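Use these hints to put chain P onto chain Z, whose structure you have.
There are 2 protein chains.
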Amino acid sequence: LDYQHVQVPFEITLWIMLASLAKIGFHLYNKLPSVVPESCLLIFVGLIMGGIIYGFNDRSPPVMDSDIFFLYLLPPIVLDAGYFMPSRPFFENIGTILLYAVVGTIWNVFGIGFSLYGICQVKAFQLQDVSLLHNLLFGSLIAAVDPVAVLAVFEEIHVNEKLHILVFGESLLNDAVTVVLYKLFRSFCEMPTIKSVDVFAGVGKFFVVGLGGVLVGLSFGFTAAFTTRFTKDIRVIEPLFVFLYSYLSYLTAEMFHLSGIVAIISCAMGMKRYVEANISLKSHTTVKYFMKMWSSVSDTLIFIFLGVSTIGENHEWNWPYICFTVIFCLIWRALGVLVLTFFVNRFHVNTITSKDQFIIAYGGLRGAICFSLVFLLPDFRRKKLFIAATTVVILFTVFIQGMTIRPLVDLLAVKRKRESAPTVGEQIHIRFLDHLLAGIEDISGHWGQYYWKDKLEYFNSKYLQKILLREYDQPKSSIVLLYEKLERKHAIELAQAGQLGHGPAHPSFLCSAFLCSSSNRTVITDQKLEDTPNPDVLDNMQEILARNLYRIRRTGPAYNRHTLPGDSEHAKEILILRHKSL
Amino acid sequence: LDYQHVQVPFEITLWIMLASLAKIGFHLYNKLPSVVPESCLLIFVGLIMGGIIYGFNDRSPPVMDSDIFFLYLLPPIVLDAGYFMPSRPFFENIGTILLYAVVGTIWNVFGIGFSLYGICQVKAFQLQDVSLLHNLLFGSLIAAVDPVAVLAVFEEIHVNEKLHILVFGESLLNDAVTVVLYKLFRSFCEMPTIKSVDVFAGVGKFFVVGLGGVLVGLSFGFTAAFTTRFTKDIRVIEPLFVFLYSYLSYLTAEMFHLSGIVAIISCAMGMKRYVEANISLKSHTTVKYFMKMWSSVSDTLIFIFLGVSTIGENHEWNWPYICFTVIFCLIWRALGVLVLTFFVNRFHVNTITSKDQFIIAYGGLRGAICFSLVFLLPDFRRKKLFIAATTVVILFTVFIQGMTIRPLVDLLAVKRKRESAPTVGEQIHIRFLDHLLAGIEDISGHWGQYYWKDKLEYFNSKYLQKILLREYDQPKSSIVLLYEKLERKHAIELAQAGQLGHGPAHPSFLCSAFLCSSSNRTVITDQKLEDTPNPDVLDNMQEILARNLYRIRRTGPAYNRHTLPGDSEHAKEILILRHKSL
Numbered sequence: 001l002d003y004q005h006v007q008v009p010f011e012i013t014l015w016i017m018l019a020s021l022a023k024i025g026f027h028l029y030n031k032l033p034s035v036v037p038e039s040c041l042l043i044f045v046g047l048i049m050g051g052i053i054y055g056f057n058d059r060s061p062p063v064m065d066s067d068i069f070f071l072y073l074l075p076p077i078v079l080d081a082g083y084f085m086p087s088r089p090f091f092e093n094i095g096t097i098l099l100y101a102v103v104g105t106i107w108n109v110f111g112i113g114f115s116l117y118g119i120c121q122v123k124a125f126q127l128q129d130v131s132l133l134h135n136l137l138f139g140s141l142i143a144a145v146d147p148v149a150v151l152a153v154f155e156e157i158h159v160n161e162k163l164h165i166l167v168f169g170e171s172l173l174n175d176a177v178t179v180v181l182y183k184l185f186r187s188f189c190e191m192p193t194i195k196s197v198d199v200f201a202g203v204g205k206f207f208v209v210g211l212g213g214v215l216v217g218l219s220f221g222f223t224a225a226f227t228t229r230f231t232k233d234i235r236v237i238e239p240l241f242v243f244l245y246s247y248l249s250y251l252t253a254e255m256f257h258l259s260g261i262v263a264i265i266s267c268a269m270g271m272k273r274y275v276e277a278n279i280s281l282k283s284h285t286t287v288k289y290f291m292k293m294w295s296s297v298s299d300t301l302i303f304i305f306l307g308v309s310t311i312g313e314n315h316e317w318n319w320p321y322i323c324f325t326v327i328f329c330l331i332w333r334a335l336g337v338l339v340l341t342f343f344v345n346r347f348h349v350n351t352i353t354s355k356d357q358f359i360i361a362y363g364g365l366r367g368a369i370c371f372s373l374v375f376l377l378p379d380f381r382r383k384k385l386f387i388a389a390t391t392v393v394i395l396f397t398v399f400i401q402g403m404t405i406r407p408l409v410d411l412l413a414v415k416r417k418r419e420s421a422p423t424v425g426e427q428i429h430i431r432f433l434d435h436l437l438a439g440i441e442d443i444s445g446h447w448g449q450y451y452w453k454d455k456l457e458y459f460n461s462k463y464l465q466k467i468l469l470r471e472y473d474q475p476k477s478s479i480v481l482l483y484e485k486l487e488r489k490h491a492i493e494l495a496q497a498g499q500l501g502h503g504p505a506h507p508s509f510l511c512s513a514f515l516c517s518s519s520n521r522t523v524i525t526d527q528k529l530e531d532t533p534n535p536d537v538l539d540n541m542q543e544i545l546a547r548n549l550y551r552i553r554r555t556g557p558a559y560n561r562h563t564l565p566g567d568s569e570h571a572k573e574i575l576i577l578r579h580k581s582l
Numbered sequence: 001l002d003y004q005h006v007q008v009p010f011e012i013t014l015w016i017m018l019a020s021l022a023k024i025g026f027h028l029y030n031k032l033p034s035v036v037p038e039s040c041l042l043i044f045v046g047l048i049m050g051g052i053i054y055g056f057n058d059r060s061p062p063v064m065d066s067d068i069f070f071l072y073l074l075p076p077i078v079l080d081a082g083y084f085m086p087s088r089p090f091f092e093n094i095g096t097i098l099l100y101a102v103v104g105t106i107w108n109v110f111g112i113g114f115s116l117y118g119i120c121q122v123k124a125f126q127l128q129d130v131s132l133l134h135n136l137l138f139g140s141l142i143a144a145v146d147p148v149a150v151l152a153v154f155e156e157i158h159v160n161e162k163l164h165i166l167v168f169g170e171s172l173l174n175d176a177v178t179v180v181l182y183k184l185f186r187s188f189c190e191m192p193t194i195k196s197v198d199v200f201a202g203v204g205k206f207f208v209v210g211l212g213g214v215l216v217g218l219s220f221g222f223t224a225a226f227t228t229r230f231t232k233d234i235r236v237i238e239p240l241f242v243f244l245y246s247y248l249s250y251l252t253a254e255m256f257h258l259s260g261i262v263a264i265i266s267c268a269m270g271m272k273r274y275v276e277a278n279i280s281l282k283s284h285t286t287v288k289y290f291m292k293m294w295s296s297v298s299d300t301l302i303f304i305f306l307g308v309s310t311i312g313e314n315h316e317w318n319w320p321y322i323c324f325t326v327i328f329c330l331i332w333r334a335l336g337v338l339v340l341t342f343f344v345n346r347f348h349v350n351t352i353t354s355k356d357q358f359i360i361a362y363g364g365l366r367g368a369i370c371f372s373l374v375f376l377l378p379d380f381r382r383k384k385l386f387i388a389a390t391t392v393v394i395l396f397t398v399f400i401q402g403m404t405i406r407p408l409v410d411l412l413a414v415k416r417k418r419e420s421a422p423t424v425g426e427q428i429h430i431r432f433l434d435h436l437l438a439g440i441e442d443i444s445g446h447w448g449q450y451y452w453k454d455k456l457e458y459f460n461s462k463y464l465q466k467i468l469l470r471e472y473d474q475p476k477s478s479i480v481l482l483y484e485k486l487e488r489k490h491a492i493e494l495a496q497a498g499q500l501g502h503g504p505a506h507p508s509f510l511c512s513a514f515l516c517s518s519s520n521r522t523v524i525t526d527q528k529l530e531d532t533p534n535p536d537v538l539d540n541m542q543e544i545l546a547r548n549l550y551r552i553r554r555t556g557p558a559y560n561r562h563t564l565p566g567d568s569e570h571a572k573e574i575l576i577l578r579h580k581s582l
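As given, the protein sequences belong to chains Z and P, one line each in that order. Under UniProt numbering, the first residue of the first sequence is numbered 1, with each subsequent residue one higher. Under UniProt numbering, the first residue of the second sequence is numbered 1, with each subsequent residue one higher.
So here's chain Z without its partners, still in its complex pose:
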C-alpha cells in the first residue's frame, strides 16, 4: 500500500465525490430542499463531518485554506455567474447596483466598525484592548455581502429579475471595495502612524482596483474571442480557451492586487457574444455544461468546508461582542438600504418598493469570503474572537435568514420572476423600443442609457465584430440566431415525437430503420403516426425508396481518437431531392 504517493489527488477526488453524492442525496428526497436551502444542508453535512474528524482525531479538523478558496473554489462560481449574467437587467440597473456596492458597503464597514468600537468601551464586556482600527478591519471583512451565499439562496426563491440582480450584482461588485478597505485597514494596523496622505491614497485605490479589474478582464475576454477565430479545424479544444482566459484574467488581477471577481466577470461578459458566435454548437454545450458543473461542485465544497471548519478550538466565545456583531450587521444594512433607496427612487420612474427594500436588506447574506478573509488576518490576540464572530454571523445569515426568506417572500407577496423568457414578439418590440428611445435621446440631446447603448452597438458592429468574429462579413442578427435555434429545437422535438409509441418489436420497425437511409423522412414520419403497418404503407414506402434512394447513408465517421462525429454534407442533397419531389 502506497498511500503517500497518491494522497493529494485521491483526497481531492474524494472530497468532490462526497460533495456530488451529497447533492444527489438531497435531490432524492424532494421535500427537503423545498423547505431548507441546499446551502444549509451542506453546512450541516460539513458540521457532521467536522464532528467526526474532531471526535476521532481529538484535534481541530483542518480549516478551509484561504488560498484554496480564493484560487480554486471561488473562480468557477464567479465565472459561471458572469457568463450567465442576464446583461440587460444588469446594465439597466448598473447605477443602483454600484451605489449599493460602493457606498452601501463603505457605509456598512464604518457603521459596524464604529458601533462595535462603542461596544468595546463598555467595561463589563472586557474588550477594551480591541482598538478602533481592529474594529474597522473586522467591519471591512464582515460588511460585504457574499455572492456564493446570495446565489445559493436567491436561486431557490425566484424573486423578480430586478430584485435578484440588485442583490446579486451588489454582492459581486462590492469585491473591489472589500479588497481595498480590507488591505487598507490591515496595512494601517501594522503602521506606527497613519498620515492623511495614506487615507487619500486609499480613496484613489478604489478606482484603480475596480477599473483595473474591468480593464484586465476585458482585455483577456477580447483575446479569448480573438483566439477562437482560429479554432475552426480543431474544435475539441475550443471550450478550453473560455476557461483558460477567464482564469488567467482572475489570476492576473489578483497578482496586481486588483479585484479578481470584477476581472473575471468583465472577461466572461466581454467574451460571451463573440465566443458563442465563433465556436461550434457542441463546444458551446460543453462550455455551458462544464461551467454549471464546476460552479455547482465548488459551491457545494465551499459550504461543506464551511461546516467542517466551524468545528474545533479556533474560537473565543465573547458573547456580547458576537451578539452585537450580528445585530449591527442587520441594523446597518437595513439603514443603508433605506437611505440609498430613498435617493435612488428620487431619480427613477421605476421605483424600488418597500417590500423589495426589505428583501434586499434581508438578503444580505455573509459567506465563505468573510470566513477566508478572517483566517488571512495576521495573528494578534483577538483573532479567535473575530473568527468566532464571523462564524456566528455566517451561520446566522445562512441558516436563519436563508431559511426564513422564502416564507417571507411568500408572505409579503413579493413580485415573482416570470416563469418563462419573453416571446419572440415581445423581444422584437423591446428591440424596437430601444431603437426608438435611442433616437429620441439623440434628438433631444439627452445622452442617456439608450444613447450610449446605441453607440456601443455601433462601435461593436463597426470594429469589434470585424476583429473578433470569424465570419464577420455576414453578421447574424440575434433574431436570426434565435430563429435558427427554434428551428433546430423543433426539428429535434419532431424527431423524438415521431418515435412515440414505437417499440423495437414493431413489425415495420426494421423497415423504417432501413428507410433512415432514404431522404423521405417527413413522409415516413407522418405515415408512422397513423401506426397502421398495413401492406399499402409498405408498398408506398418501397416506392418512395426506389424513387429517392440516392445513396446509402453512413451512420457516422469511423473511430478516430482526435475528432468527434461531425456534420455531414448530406443535408443539401436531401433537400434538393425533397424539393424536386414536391
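No false leads were slipped in.
Repeated chains share a single entry, so a pair holds when one copy, or any two copies, can fit it.
Here are the simulated DSBU-like cross-link-like pairs (lysine-lysine), alpha carbons at most 35 Å apart as the crow flies:
1. Lys232 x Lys31
2. Lys195 x Lys123
3. Lys232 x Lys485
4. Lys272 x Lys485
5. Lys417 x Lys232
6. Lys455 x Lys162
No lab work stands behind these hints: they were computed from the structure. Note that the structure is predicted; figures quoted are calculated from it, not measured.
This is chain P only, laid out in the frame that chain Z set:
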C-alpha cells in the same frame, strides 16, 4: 505585484495555454501536419522552449516530474482511449493482443537486457561496471511500447482497424508487465542476494497486477453506472461522475501497486454502455467533448515536456551503448513479432499478413512512460547513461519511425481503414451472424468466442441492466438507439438546410420568425425554398397561422443559475395538430 501567491495555478494555466496555442498554430498551416506527425512538432517546440530556458538561466531546464506525469497527465489519455475503444475488434483480437503484450514484452525485456549486457563486456566501450541486473532493469523500462506515442502516430496514418487495435491494445495492456518487471528488477538491484522464491513471486505478481487492475476498474465502473441511476433531477453533475470514478479507479490501482492503466481502461469500458443509457444527451456530449479535450491537452503537454526535458546536462553520452540500445530495440521487437505471429497465424483463419507484421514491428514507438520511469530510477553511477539512451530511443522512434511510417504504409499498400462506419444493413447482418455463430458453437459443443459473448450478453440483460440502468424495464436495443440518433441528426440537418440562402434582409423573414410559433414548420420550410415572397405565400402563411396557432411558443425557460434549458413538452401538441391537418 504578488507573483508568489498565484504562481502555481498561473504557470499551469500558461503551460496549458501554450500547448493549446501550439495546436492551433499547427492546424493553421495544413501542409505541415500532413508531412510531420504532430508529436514531432510538439517535441520540437519543447526543444526550442528548453533551449530558451537553458540559454537564459544557464542551467538545465526542469525535467518533467514523474509524479505529475503518472498522476495527472497520463490518466486523461488512457481514459479517453478506454472510453472510445472500439470494443468489438478489441475483444475479437484479445488473445493476440495479450500474447503480444505479455509474452512479447517479456521477450523484449530479456532480449534487450541480455544483449546489452553482452555489449557491456566489450572492453573498448568502458562499460564493464554495468551489471546484468541493471541492464535488465533498463530493458524493462525501454521495452514497453508507449500508448501515447502509438496513438499520436497511428491516429494519423489510418491503417485498418485490426492492425490499429493490435498495436494500440498491446501498448495499453503491456503496462501490467512493465509495472511488475520494473519493480521486480528495481528491488533485485537493491537486494544483496536473490532467492529463487523471489523470482517465482515475481511471476505470480503478473496475474495479481493485471487481474487486480481489471477487478478494481470494473468495480469502480459499475459503481459509476449505479450512481448515474440517481442523477435524473440533477443533470449538471452527471459528467462529473464519469471522470471521478475513472480517476479513483486509477489512483486506487496505483495505491495498491496494481496496473493503473489496466484499471482505468476496464472502468471506462465497463461503465460506458450503462452510463450512456442513464445520462442525458447533453451530459453525454459534455463527457465526450471533455474527454477528447482533456486527453488532447495532456498529450500535447507530454510531448512539449519531453522536448523541454531533453535539453540540459542530465546525459552521459556513451555512444556505443546508446546506438546498440536503438539497434537491439528494433531487432528484438522485429524478432518477437515474427515468432509470435507465426504461432498466432497457426490458430487463426484470418491471418496477420507479412505487411501487417512489418507495421506492427515498426510501430513499436517509445514515449513518455519510459522517460518518466528512467527518472524514477534510484540514483546510481550510470543513471545519466540510461537517461541519455532512453532519450535517444524515444527521439529516434518518434522522429525517424514516426515520420517514415506513413510513406511506408503508402509504399507497402497496407490495407487502410474504411473511411466510414458500417451501414445499418451491415450492422444488422453482423448481429445476425453473431447469433447464428453462437448457436452453432452451442450445438457443436465448441465453447468459443461467440458462445461466451452470448452468455455475457444474457447475464448483462438478466442482472446487470436491472441493477445499473434507471429504466431497465424498457431496454432499448442498440439498433433502436441508432435509429433515434439518425432521426435526430437528420432533423437537425433539415432544419439547418432549410435556412440556406436566407439572410436577415429577406422580406418574409419577420413573418417566418413569428411563424416559428406555429406548428406548420414543414409547410413553411418548403415554401421558403421557392424563395418567392409573393403576396399569395404570405396569405397562405397567415391562413396556416390562423388555423394552427395554439399558443405562443416560449423561447426557453428564464435565467436560472443551476439549470440548463431543458426540453419542452410542446412536441406532442405540435404533432397532434400536425396530424390533424394532414
